[in-house]
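Here is what each chain is made of, one letter per residue.
Number of protein chains: 2
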Amino acid sequence: MASTSLKHPLDPLNAEELTQVSSLLKAKSPDKSLHFKIITIIEPPKAKLRPFLKAERNGTAGPPLPRRASALYYHRGTSDLFLAEVNIESNSVDKVEKLDPQFHGQNDIDELIELRDACLKDPKVLEQLAKYKLPEHLEVVCDTWPYGRDSEDNLPRYIQCYLFARSSHPGSNHYDNPLPISPVMDMITKEVIDIIRLPTGSDATLNHDAVFETHAPKEYHHDLQSQPTRTDLKPLIVHQPEGVSFTIDGYLIKWQKWRFRFGFTWREGMVLHDVTYDGRELFHRLSLSEMFVPYGDPRYPYSRKSVFDVGDIGAGVTANNLALGCDCLGVIKYFSFVISNSQGQPVQKPNAICMHEIDDGIGWKHTNSRTGAVSIIRSRVLVLQTIITVGNYEYVFMWHLDQAAGLHYRIQATGILSTAPIDKGATVPWGTNVNEGVMAPFHQHVFSLRIDPCIDGDKNSVIEEDSVAMPMDDSNPFGVGYVTKNRLISKSTPLDSAPNRVHKIINPSVLNKSSGKPVAYAIHSPMKQMLLAHPNSWHGKRARYAFHPFWVTAHRDTELYAAGDYTYQSLPDGKSDLEGWADRRDKTDDTDIVVWHSISLTHNPKPEDYPVMPCDTMVVSLKPSGFFDQNPALDVPQSTQKSNGSKLVEDTALTIAVGEKDADCCAPKSKL
Amino acid sequence: MASTSLKHPLDPLNAEELTQVSSLLKAKSPDKSLHFKIITIIEPPKAKLRPFLKAERNGTAGPPLPRRASALYYHRGTSDLFLAEVNIESNSVDKVEKLDPQFHGQNDIDELIELRDACLKDPKVLEQLAKYKLPEHLEVVCDTWPYGRDSEDNLPRYIQCYLFARSSHPGSNHYDNPLPISPVMDMITKEVIDIIRLPTGSDATLNHDAVFETHAPKEYHHDLQSQPTRTDLKPLIVHQPEGVSFTIDGYLIKWQKWRFRFGFTWREGMVLHDVTYDGRELFHRLSLSEMFVPYGDPRYPYSRKSVFDVGDIGAGVTANNLALGCDCLGVIKYFSFVISNSQGQPVQKPNAICMHEIDDGIGWKHTNSRTGAVSIIRSRVLVLQTIITVGNYEYVFMWHLDQAAGLHYRIQATGILSTAPIDKGATVPWGTNVNEGVMAPFHQHVFSLRIDPCIDGDKNSVIEEDSVAMPMDDSNPFGVGYVTKNRLISKSTPLDSAPNRVHKIINPSVLNKSSGKPVAYAIHSPMKQMLLAHPNSWHGKRARYAFHPFWVTAHRDTELYAAGDYTYQSLPDGKSDLEGWADRRDKTDDTDIVVWHSISLTHNPKPEDYPVMPCDTMVVSLKPSGFFDQNPALDVPQSTQKSNGSKLVEDTALTIAVGEKDADCCAPKSKL
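As you go down the protein sequences, you meet chains A and B in turn.
Here the first sequence is numbered in the working numbering, starting from 1 and rising by one per residue.
Here the second sequence is numbered in the working numbering, starting from 1 and rising by one per residue.
No incorrect hints appear here.
Since the list can't tell identical chains apart, any single copy or any two copies may satisfy a pair.
Straight-line distance between alpha carbons at most 25 Å, and here's what the computed DSS-like set of lysine-lysine pairs gives:
no., residue 1, residue 2
1, Lys95, Lys26
2, Lys95, Lys575
3, Lys513, Lys424
4, Lys257, Lys234
5, Lys424, Lys485
6, Lys254, Lys234
7, Lys459, Lys517
8, Lys587, Lys485
No lab work stands behind these hints: they were computed from the structure.
So here's chain A without its partners, still in its complex pose:
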């Protein structure tokens, strides 16, 4: 088909292709109404893709690999779930597979709106609400939550509802009024099958006679603040008078020796493909594989409260429409995508990723104190940003690429705490009271960053490096010596952290000219507490990946999601998740491997996190560690006042003036 003839095999599906796929599948089942969950590009198998990408980089590529798509859909109103594969080029359905009934599809917004509406029309729910005696100015809203799991039984696809009350303002904080009942719904019949009374005291005791008690609201929206807004913040503008330093060709980006492609999927959101630096291969694919948010309140039904934000909800479908000057400051490039709705129609995801440059302080500096010669560069960073809203929470996901060949995955958590009702005067040891009647339970966020490396080629290994004090003996008579010890990870396995332990991805066949050791990229990430839930709990069984910070597996095309393909009410089989793949004990030395990093944020709320939470930031860095023979940012031009156009604050009392005439501000100064 003409529409695809020039498209890259990794480019996300466009609107036309999405419609083509859903139309084909609808035509194949004319007697059924299809409820689409996901329609997405099928990336070519790595065995074909890697040579294609290499040839493309060398300018010797043949015709693009064929574009194919997959679709996950229900027969509407049933639990019959299908996975289809479509060849877009030939406009044909290659395969349709009916999935095992234990597997459930993701949530989707069309479905959730129907469920929310049905919940709040249910007579039994209305009856309970009436007994709670809400004041008239408040309306009830329903937040849906994945049901989680609390038994071995294969339950129908359920959803758990938490109810809140809000005022009519569009920015009203409904989390400030959590209600003490929680309906459970069947997602097929859209019926309320149970209404659970939530515990609201200091223990699991239930109070069936609770009525609404008013309290001073805590609102996050600017219109609703009682205190005045600060007036002393002056504008700060980032200006690039000669334009940006990157080039864009479709989804192919080049900037400061970096070259990579964007991808964007319903489930993972932003994906980076085929990342090279100065023509050398680094990473085949970088993606957010999963994210699990378990809550630490031990009481039923909170014991089920947990969500796979990637697998149950999706990081692409929830991507924000980023706004110039608000989400992104400076000179901004936006990328927009399309995803499917439940009808299989294309829906715009405008400005789902933004890209821009920032100044990140000093890159490197040295002053020769004998001669006064100053050498200095500023550090310019390329920022790729996407923000998702998952119910109450916002997550900012960023890649920062620097000029010294470092990639930094930056996660920021913001938004609103998930809240629960609590009686006046009560406290619990697993949560923090953030307003009268409002408790924010402790919880964790465990992200899984999937790193598919190609450090100077496909055959890589992982080593674990520790710094170890030498024993105080003849070879270390003064007791000051220390060395590094390396462990080669020869079989697929989880790996643990230790203070200063560094995990490095190496290419054992390529030696660094300076150090004589295999070229390597190191993963720098602070040591964190991993999943606190018991390994035999359902949280523990369903999110095995969250117990260890690092995992190494042998690459397989189908293994993209750390908690498995189907996380909704998942019943793990011990084979279809990261632990299962690691348990194969595949060879992982000098071969095509994948490294998975579980990034854990233990979030015990504090009052300052409410009613909206200042960004909490975590950074994982992938940095060259013996990959280059010397500092790769050595060729960045010396910083000069001329190019940076900085200004002095006009207060000369304490300042030695450096005027604009000092354009060559870093020239040698007087000798010491």
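Put chain B on the given structure of chain A with help from the hints.
Same frame as chain A, but now just chain B:
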């Protein structure tokens, strides 16, 4: 005296005062030549200072407390060291104390230049160098290092020299040519007392017949690069058309509800005093107390290689003259200071601290996905920066103050690796070869951040908080519950880290209205490996503070420096350093305490760190943790495109245009 009548008791000494102090002391010893080490302000005792600062904040202060200064000096050419106290107001010497001969003064640049010159004129040194057969275009330079310590003996004040060769260019990297001899000098006589042959093989064997072997140089200076400079980096300018958001009154700064004073001392460099937020007291004094850099090469004389960069050298005296557009980008306020030289004369330290605002991404955000209402603020940060050059290394020290009442101490290490000669083909397990003949040994940097808190007043305590899984029992039948456990630190002691363990400074008498718990600031810092040297090694004995990441002591005015007042060739007595103070087991609950944080950077060099090292960054955050009832940045104005003036990259192919008309870019969007 008129010159001081309006000065604040915490303001650094000015040139006139410095001259006054040295003149007074010179006049007192007319028959002696004085060699000044340090002349610095004596801060008033805390018992007097705190009420004064409080009254000043309330506008009820009486006359300033008297300004006093201390001076540390030798009788020139002797080892007689004196500490004097001078009352500037009354122009009188209050006290002169001759110090115990075991104590030595810091290095100073006047002295080091003399020693370097004398070393390179020494006939025995010249003889050894002649045997090494350096090519004619290279000149020898001498880097002095504190001698360290290797026995219980009270040696004279020694200095260790490491020699290098360099070309004539002012930016020539002499660390690329480390020479295999190391003279030791007596600092009084300025004589070379020993010339140590450095081990250059894979073990401690010495090669007395080594001659210079040429290799391809690695240079960091832009003039000396063989590869071309990048040409595709476009200017990025930070512009504040309406000026900055801070106000300056002498050394008193106000910005976004913050109020604090700058200090600057010869030894500590930048100091923050009397830090409040929104009128509430947070920190009485924040300073870099010490910094120890021990090397991990076990061989003599490298076993002595170590330096207290604060105590032996000084973080104020080595502060760089920061340059507009190079060290600092944007609209910049500089602060300049004076220090003394060895003659007691004032020496300018121009632009030793810079202050400016940056945009730091998103402050907080929430999208109400029902109504589409977006609430978002950008995060503006106030940056205070000072950069020091200590021989080969540069350190960037920054405080980042944010709008959510967080303070972030940011340390960046850059500059050049300390190098050692190594034979062709040899490798060592305690270092990395970074060029032919050039080995960079493993080492650590352990900083000590001294935190003198006043969280809502003087009487504070420290608690250690851990997140702990509940046992799987009747109160936690599903195995998902977890709680926090707190330990109150009631007596002075070191404290250790654990993953996610948080140390909080609390005021037990002030309860948070929301949580009901004592108001608190938390110290967030990743868990790191502490000092690797053996506790019985001299490194271990001299830098006890470096074995534990946190320490709590009862406040005493005289206890400012974690490794003691006199670190040069120090012989610890078990009482005059942080361990000694902690060992007193003073009450630290609900009283005036000091918290010390040892920040450890284990640096095992990689080829990318050479010939100049991209900044390696560490951040320690002091964040409100139940100090406020709600998000303290709630009143920051909503971000708008109008105030931020961002631009779109002019490529509309993939972009949904957001023009300047969308000034209110975060207004409610269409309903989901």
